[in-house]
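A.B. asks: In my numbering, the protein residues as written are 57 to 164.
No lab work stands behind these hints: they were computed from the structure. Please note that the accuracy of each hint is not assured.
Lysine-lysine pairs mimicking DSS-like chemistry, simulated, CA-CA at most 30 Å apart [unchecked claim]:
(1) 150 x 109
(2) 150 x 107
(3) 103 x 147
(4) 147 x 107
Since the structure is predicted, the reported quantities are computational estimates derived from the model, not experimental observations.
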Amino acid sequence: VRHGHGVQVWFDGARYEGSWDNDQAHGHGRFVHLDGDIYEGQWHRDKAHGKGKYIFHAGSAYVGEWREDLQHGEGEETWPDGSRYSGQYCKGVKSGIGSFSWSDGSSY
């Protein structure tokens, strides 16, 4: 049973390094997906949960709150062209109060 700090590397090359509790990612950790996407932040029972940052291999990123592996709560998403959304998410979807600004300076 994994417990404490450790590293797991899967056969496909995915890798988790961080805290374990009762054989599950729990606490702070970093997961690197096979495609190069990276999540670093809080975990709860093997799921991204709490505050964390997800960097997509294509260059966009999300920094904010997570619940059960989904963006949930306050967060900010940015894209390589300079566009940005800052606001609320619900179960992985932009929802509620937020603002979007595009690289050309326009905003909503």
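A.B. asks: Compare the structure with each hint and give your call.
C.D. replies: Quick rundown of the hints versus the structure:
Straight-line distance between C-alpha atoms of residue 150 and residue 109 comes to about 16 Å, which keeps the hinted pair within the 30 Å bound. For the suggested pair residue 150 and residue 107, the alpha carbons sit about 17 Å apart, so the restraint of at most 30 Å is met. At roughly 13 Å between alpha-carbon atoms, residue 103 and residue 147 fall within 30 Å of each other, so this suggested pair holds. Proximity of residue 147 to residue 107 is assessed by CA-CA distance (about 14 Å); at most 30 Å being required, the pair is judged to hold.
When held up to the earlier numbered hints, the structure conflicts with none and fits them all.
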